[in-house]
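A.B. asks: Turn these sequences into a full structure, and let the hints steer you where they fit.
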Amino acid sequence: MALEREREYYESLKEDLLRHHEGQFAVIHADQLLGTYTTFDEALAAGVRAYGTQPFLIQEVAEKAGEIQHPALTVGMLYAPP
Amino acid sequence: MPHHNAFIKDKDGNPNPLGLRVLGAFFPIEVHIPPQIAEALAKEGKPIPTPVTGLGLIDTGATMTCVHEEILTSLGLNPTGVVNSGTAAGPVQQNVYPVRIVFPAQGWTLDVPAAGVNLTGQTTQLDPPQPLIVLLGRNLLEQWILVWNGPAGHWAVAF
Numbered sequence: 441m442a443l444e445r446e447r448e449y450y451e452s453l454k455e456d457l458l459r460h461h462e463g464q465f466a467v468i469h470a471d472q473l474l475g476t477y478t479t480f481d482e483a484l485a486a487g488v489r490a491y492g493t494q495p496f497l498i499q500e501v502a503e504k505a506g507e508i509q510h511p512a513l514t515v516g517m518l519y520a521p522p
Numbered sequence: 007m008p009h010h011n012a013f014i015k016d017k018d019g020n021p022n023p024l025g026l027r028v029l030g031a032f033f034p035i036e037v038h039i040p041p042q043i044a045e046a047l048a049k050e051g052k053p054i055p056t057p058v059t060g061l062g063l064i065d066t067g068a069t070m071t072c073v074h075e076e077i078l079t080s081l082g083l084n085p086t087g088v089v090n091s092g093t094a095a096g097p098v099q100q101n102v103y104p105v106r107i108v109f110p111a112q113g114w115t116l117d118v119p120a121a122g123v124n125l126t127g128q129t130t131q132l133d134p135p136q137p138l139i140v141l142l143g144r145n146l147l148e149q150w151i152l153v154w155n156g157p158a159g160h161w162a163v164a165f
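Residue numbers (the working numbering), protein chains in the order written: chain D, 441 to 522; chain B, 7 to 165.
Note that these hints are calculated values from the structure, not bench results.
Yeah, the Cβ is synthetic: ideal placement off N, Cα and C, and Gly gets one too.
Take these hints with a grain of salt, some might be off.
Unchecked claim - Facing chain B, according to a computed beta carbon distance under 7 Å, are these residues of chain D, among others: (1) Gly492; (2) Pro495; (3) Ile498; (4) Gly506.
C.D. replies: In structure tokens:
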């Protein structure tokens, strides 16, 4: 998957970030933490200012984050013509 | 307050609850790159990709808005994260992208993170069917008031 290095680096920082920045959005590029931001949009703006169009991670600082559900799609309940 | 009303009617102009059940609540929408990235591309002297048009279906079951991933990659977007998605076969990882969704008929513009998913072959039951490219999930709906009046074949949103 994408951003493996950045996600590994986030995991190494997670405990510290949780202590002081829980609920904020961390921006990480390679092994560099750019900063933490109040909203996703602020984090995106900061990441683009720093790294342009290069890939970077925006990670919400939370004990348990990053789980989603979209059951209509995953169990095939949307419509597809025969 | 910006708002949108949709009344589903039969051929005689009467409320059509069945039509609403079959069609769901959808909008013609455009998927754009976010303005921050458009600005960066402009600074780098690169062209701004043309937005992709299609239909977006309101999906109250989706925690996050989902966009057909092929469209996101065609716009040149890089993922900014990864999420775990629960499926019948167990969790799978999906990329998350920043996107701008424009509702041209309403004049609305919303910037949200969206999961890249495979919506190949998904359509609404319009005649002719039209491709569904976005599921408007609860990270977008949290900004909206949604009214679903099944017996009247009517739905509305405001924010």
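A.B. asks: Each hint: holds or not?
C.D. replies: Tested hints:
| no. | hint | in the structure |
| --- | --- | --- |
| 1 | Gly492 | holds, 5 Å |
| 2 | Pro495 | holds, 4 Å |
| 3 | Ile498 | holds, 4 Å |
| 4 | Gly506 | holds, 5 Å |
Checked against the numbered hints given earlier, this structure breaks none of them.
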